[in-house]
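Asker: What follows is each chain in one-letter form.
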Amino acid sequence: DTGVSQDPRHKITKRGQNVTFRCDPISEHNRLYWYRQTLGQGPEFLTYFQNEAQLEKSRLLSDRFSAERPKGSFSTLEIQRTEQGDSAMYLCASSRGLAGGSSYEQYFGPGTRLTVT
Amino acid sequence: GNSVTQMEGPVTLSEEAFLTINCTYTATGYPSLFWYVQYPGEGLQLLLKATKADDKGSNKGFEATYRKETTSFHLEKGSVQVSDSAVYFCALRGYTGFQKLVFGTGTRLLVSP
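If you read the sequences in order, they're chains R and A. First residue of the first sequence? That's 36 in the working numbering, and the numbers climb one at a time after it. First residue of the second sequence? That's 16 in the working numbering, and the numbers climb one at a time after it.
Please keep in mind that the hints were generated in silico from the structure rather than gathered at the bench. Treat the numbers as computed from the prediction; the structure is a model and nothing was measured.
Below, computed lysine-lysine pairings styled on DSS-like, alpha-carbon distance capped at 30 Å:
(1) K64/A to K92/R
(2) K67/A to K92/A
(3) K75/A to K92/A
(4) K67/A to K92/R
(5) K83/A to K67/A
(6) K83/A to K71/A
Please model the complete structure; the sequences and the hints are all you need to start from.
Answerer: Right, here's the structure in full:
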């Protein structure tokens, strides 16, 4: 068990460019979450996968954002036409699911810090 | 909707002082409650949790008790160390539906020698 990993750790991009982040969850975890954390704030939920199915998306996830989890393993989060307001830390978390819909604790990766100039 | 309110920081203490970080929540039903800690440059680590009323979560000398009557989950430690300096986040997970976490804004703790 190597924990949740995220790549890259830091990304600087110019406004209008597209960026893609990757998250590798803990191997036996079937649930995967993306959160966004801006400076001085707590993480805010973006989206959630159970296996390969994207079950929920926050209203924070505009049309410029898309997330995938092919084959229920790693996940990618893409931001198209980045804006300065997208600058934030993007956190990925994973957990095991319990029967009946509940979950074990969520384990977080180190995050990808995005800076849009 | 569900929400979490934490005391504003920073909280500045001397080593071996007693720590309390207040957390209150608003939620329907019976949420699970968590404290996460974020050290500089790192992701969030689960510190402790409680899943039902009157449960006490504890880890590394930190404790928090799930108080349904006051909708609170205050974090305490009897004697802080310099290494405890970090940002602490209170969070809840709703009882129904999918399992996203709702976080407070975080409280920065600074411990001086």
